[in-house]
Amino acid sequence: MLRALIKKEFLLEFRQKSTLGGVLVYVIGTVFISALCFKARLDKPTWNALFWVITLFTSVTISGKSFLKETGGQALFNYLYYSPRQFIIAKILYNMIFMLALSGVTFFFYAFFIGNEVQNLTLFFIVLILASTGLAGILSLMSAISSKAGGNFALMSILSFPVLMPLILVIIRLSKQAVDGIEWAGVNLDFIVILTALNVLTMALSFLLFPYLWRD
Amino acid sequence: MKRHFYKIFSVLIILYTLVWGLLNPIPRLDILNETIRNVYYHVPIWFAMLFMMFLSCVQSVISLSKNNLENDTKALNAAIVGFFFSLPGLFTGCMWAKYTWGTWWTFQDPKLNGVAISILIYLAYFILRASIDDELKRARISAVYNVFAFVMMNVFIMVLPRLTDSLHPGNGGNPAFGKYDLDSNMRMVFYPAVIGWILFSYWLFEIKNRISSIKNKLHD
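If you're matching them up, the sequences are chains A and B in order. Number 78 in the numbering used here belongs to position 78 of the first sequence; there are no gaps in the numbering. Number 160 in the numbering used here belongs to position 160 of the second sequence; there are no gaps in the numbering.
Rather than coming from a laboratory, the hints here were simulated on the basis of the structure. Computed from a predicted structure; not experimentally measured. Accuracy of the hints is not assured; some may be wrong.
Okay, derived cross-link-like pairs now, BS3-like style, lysine-lysine, Cα gap no bigger than 27 Å in a straight line [to be verified]:
#1 A:Lys17 - A:Lys65
#2 A:Lys148 - B:Lys111
#3 A:Lys148 - A:Lys8
#4 A:Lys148 - A:Lys65
#5 B:Lys215 - B:Lys7
#6 B:Lys66 - B:Lys217
#7 B:Lys137 - A:Lys65
#8 A:Lys17 - A:Lys148
#9 B:Lys137 - B:Lys7
#10 A:Lys44 - A:Lys7
#11 B:Lys217 - B:Lys111
#12 A:Lys44 - B:Lys2
#13 B:Lys7 - A:Lys148
#14 A:Lys176 - B:Lys111
#15 B:Lys215 - B:Lys111
Over 12 Å on every C-beta distance to chain A, these chain B residues come out as not near it, computed from the model [what the hints assert, rightly or not]:
#16 Val11
#17 Leu22
#18 Glu34
#19 Ser65
#20 Glu70
#21 Thr73
#22 Ile80
#23 Trp96
#24 Ser118
#25 Ile132
#26 Lys137
#27 Val155
#28 Val194
#29 Ile198
#30 Trp203
#31 Lys217
All C-beta atoms, glycine included, are put in the ideal place defined by N, C-alpha and C.
Whenever a hint applies, use it, and build me the whole structure from the sequences.
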């Protein structure tokens with residue numbers, strides 16, 4: 001059932017080539033504009049901060065529409081056919097995979113246009129995985145809330161930016177270590193533990209709270 | 001009369017801490033000097049705010065489990081009172097920071113960021129409520145956001161500041177009240193102030209609730 005749900009999400013996404021292409025153009029456009037604005041080679045803290053700001057904005061924009069498709073007849077079908085718990089898990093997993101791919105693409109173009117400052121790539125990819133998990137966990141629920149509340153885009157940003165802040169701050173700290181290329185022995189593992197704990201916490205909350213949004 | 005006892009009690013305690021807080025003897029600490037008295041006003045007001053936010057979260061959980069509109073109104077009222085308390089808390093903090101750190105605001109301190117984010121979170125909560133017309137739907141959706149937001153706010157102001165050095169007294173080797181716990185003079189004002197402000201916030205919360213229920217009756 002879960003697999004079918006996730007497969008459905010991907011099918012819907014790939015069937016509409018315009019949305020997928022739109023996402024790509026959005027990412028490339030944002031990165032290119034940043035590259036043009038800065039022009040000079042960025043120092044490490046700025047590189048790191050700019051990358052995560054771009055990723056943050058992209059993921060809020062992308063996941064903002066993740067519940068908008070579920071309206072009218074589609075919503076009724078989902079309501080009758082799936083349980084809310086399955087549904088939110090499928091959404092989170094799908095968003096997680098999608099955001100991981102998206103941040104990978106962002107990183108590729110970012111490195112291409114602005115330059116790659118990352119010294120410890122393995123750690124950086126671990127951060128990417130943890131970050132997309134956390135973002136998916138929070139943004140899936142926020143997207144559900146904002147689509148139930150009328151679904152305008154401003155509401156999505158207003159609701160999600162403040163609650164994303166703890167996550168983003170920990171991510172930026174950890175990612176800074178990857179960018180600085182600290183040896184593995186010197187990496188502060190506390191941040192990885194905290195990031196994982198935050199991810200578990202937000203997912204558990206989404207899992208518990210989503211059923212209340214389900215009925216209409 | 002019994003019902004009103006805690007109100008009189010809270011006002012008396014707050015009056016006592018306002019006056020005696022300015023007069024009582026305090027330990028002389030570097031940097032802090034006389035500004036340490038702010039611990040009688042700034043910290044208890046934050047505690048009152050956190051208490052109200054906690055109350056709001058509890059009311060939201062009850063309104064979710066019982067599907068009850070009354071608890072939803074209470075959650076909103078508690079959030080409004082808590083939000084109201086965040087402003088003097090912020091103001092006293094800024095005043096104090098100006099005289100000890102030399103600036104009204106600094107982004108170096110995780111607690112300050114936490115407060116700014118908490119204020120944004122509750123503003124978002126009010127905006128979310130304003131954008132839904134249907135009462136039952138509003139109760140359910142805003143309760144979900146409120147519970148989620150309260151947990152994230154606690155992560156921000158309780159967990160994250162402990163990871164990094166804060167400029168706040170008691171963190172990162174700065175002198176603080178906590179290190180001089182044995183100073184019973186300060187305890188005599190600080191603990192009553194906490195109790196007084198929390199009771200006072202609860203009084204405001206009750207008044208808000210009564211106003212809401214009167215408005216409701218007029219509306220029907």
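Evaluated hints:
1. A:Lys17 - A:Lys65: holds (15 Å)
2. A:Lys148 - B:Lys111: Not satisfied, since the Cα-Cα distance of roughly 33 Å exceeds 27 Å.
3. A:Lys148 - A:Lys8: holds (21 Å)
4. A:Lys148 - A:Lys65: holds (12 Å)
5. B:Lys215 - B:Lys7: holds (23 Å)
6. B:Lys66 - B:Lys217: Holds, at about 22 Å.
7. B:Lys137 - A:Lys65: Distance ~20 Å between Lys137 (chain B) and Lys65 (chain A) Cα, so the pair holds.
8. A:Lys17 - A:Lys148: holds (26 Å)
9. B:Lys137 - B:Lys7: violated (35 Å)
10. A:Lys44 - A:Lys7: violated (39 Å)
11. B:Lys217 - B:Lys111: violated (42 Å)
12. A:Lys44 - B:Lys2: violated (63 Å)
13. B:Lys7 - A:Lys148: Violated - the C-alpha atoms of Lys148 (chain A) and Lys7 (chain B) are around 41 Å apart, more than 27 Å.
14. A:Lys176 - B:Lys111: Holds - the C-alpha atoms of Lys111 (chain B) and Lys176 (chain A) are around 21 Å apart, at most 27 Å.
15. B:Lys215 - B:Lys111: violated (38 Å)
16. Val11: holds (34 Å)
17. Leu22: holds (36 Å)
18. Glu34: holds (34 Å)
19. Ser65: Ser65 (chain B) not clear of chain A: closest Cβ-Cβ about 9 Å, inside 12 Å.
20. Glu70: holds (17 Å)
21. Thr73: Given a closest Cβ separation of 18 Å, the condition holds.
22. Ile80: holds (17 Å)
23. Trp96: holds (24 Å)
24. Ser118: The claim breaks: Ser118 (chain B) does not keep its Cβ more than 12 Å from every Cβ of chain A (closest is about 8 Å).
25. Ile132: Non-interface label on Ile132 (chain B) violated, nearest chain A Cβ at 5 Å vs cutoff 12 Å.
26. Lys137: Given that some Cβ of chain A is not farther than 12 Å from that of Lys137 (chain B), nearest at about 7 Å, it is violated.
27. Val155: Answer for Val155 (chain B): violated, closest chain A Cβ roughly 5 Å.
28. Val194: holds (26 Å)
29. Ile198: holds (25 Å)
30. Trp203: Nearest chain A Cβ is 29 Å from Trp203 (chain B), so the label holds.
31. Lys217: holds (28 Å)
Checked against the numbered hints given earlier, this structure breaks hints 2, 9, 10, 11, 12, 13, 15, 19, 24, 25, 26, 27; the rest are met.
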